[in-house]
Amino acid sequence: MSKKKKSNSGGGFVYSTNQNFDFDNYANNDDEETLAPGEQDLRIWLERKGGNKVTSVVRGFIGTEADLKDLGKSLKSTCGTGGTVKDQEIIIQGDHRDKILGWLSKQGYKAKKSGG
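Each residue of the sequence shown is one higher than the one before, starting from 1 at the first, in the numbering used here.
Just so you know, these hints were derived from the structure itself, not from any lab.
Any given hint could turn out to be false.
Calculated pairs, DSS-like style, for lysine-lysine (alpha carbon to alpha carbon, straight line, at most 25 angstroms) [stated by the list, open to error]: (1) K49 with K99; (2) K53 with K112; (3) K113 with K53; (4) K110 with K73; (5) K86 with K112; (6) K73 with K53; (7) K113 with K86; (8) K73 with K86; (9) K99 with K86; (10) K49 with K73; (11) K113 with K49; (12) K53 with K99; (13) K76 with K106; (14) K53 with K86; (15) K86 with K110; (16) K49 with K106; (17) K69 with K49; (18) K76 with K49; (19) K113 with K99; (20) K86 with K69; (21) K112 with K49; (22) K86 with K76; (23) K76 with K112; (24) K76 with K99; (25) K69 with K106; (26) K76 with K110; (27) K99 with K69; (28) K69 with K110; (29) K99 with K112; (30) K86 with K49; (31) K69 with K112; (32) K76 with K113; (33) K110 with K99; (34) K69 with K53; (35) K53 with K76.
Please read these numbers as outputs of a predicted model, since none were measured by experiment.
Construct the entire structure; sequences and hints are all you get.
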């Protein structure tokens, strides 16, 4: 048997006491505006995964999912390695914190190394 994925289209709402509540407008209001690069405050972390694998993780991006994916694609291209974008984080394979920091600074982002 295959597993069915649960639909989270309700966003956790079960009941609202507001008679004028419009669920459709609330559910479609997920996109937020992307801040300008100078207003972003990004942090670059080093994380160790199982099997001694190291990843560089960029956190703190405020904006749309599409802009986050574009930024992730640019960072992967700059570092010349693979990675992914999920859970509002950009994950780059390997320790590329210096390259990422240099590229982000050149693009006008406020960024700094954190943790690890």
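Just to be careful, I want the Cα atoms of K86 and K110 compared with a cutoff of 25 angstroms; is the pair within it? It holds: about 21 angstroms lies between the C-alpha atoms, which stays within 25 angstroms.
Take a quick look at whether K69 and K49 sit within 25 angstroms of each other, Cα to Cα. Roughly 22 angstroms separates the two Cα atoms, so the pair holds.
Given hint K86 paired with K73 - CA-CA distance at most 25 angstroms: holds (12 angstroms)
Next pair to validate is K76 with K110; report whether the Cα-Cα distance is within 25 angstroms. holds (19 angstroms)
Could you grab the alpha-carbon distance between K69 and K106 and see if it respects the 25 angstroms cut-off? Roughly 19 angstroms between the alpha carbons, so the hint for K69 and K106 holds.
Could you grab the alpha-carbon distance between K113 and K49 and see if it respects the 25 angstroms cut-off? holds (18 angstroms)
What's the verdict on K113 and K53, does the C-alpha distance respect the 25 angstroms limit or exceed it? holds (19 angstroms)
Quickly compare the C-alpha distance for K76 and K99 to 25 angstroms and report which way the hint goes. Holds, because 10 angstroms separates the two Cα atoms, which is no more than 25 angstroms.
K53 and K99 were given as a pair; does the straight-line alpha-carbon distance stay at or below 25 angstroms? Satisfied, since the Cα-Cα distance of roughly 18 angstroms is no more than 25 angstroms.
Would the hint linking K53 and K76 be met if the CA-CA limit is 25 angstroms? holds (17 angstroms)
Holds or violated: K49 to K73, with C-alpha atoms at most 25 angstroms apart: Given that 25 angstroms is the threshold and the Cα spacing comes to 21 angstroms, the pair holds.
Take a quick look at whether K99 and K112 sit within 25 angstroms of each other, Cα to Cα. holds (12 angstroms)
Of the hints listed earlier, the one the structure fails to meet is number 16.
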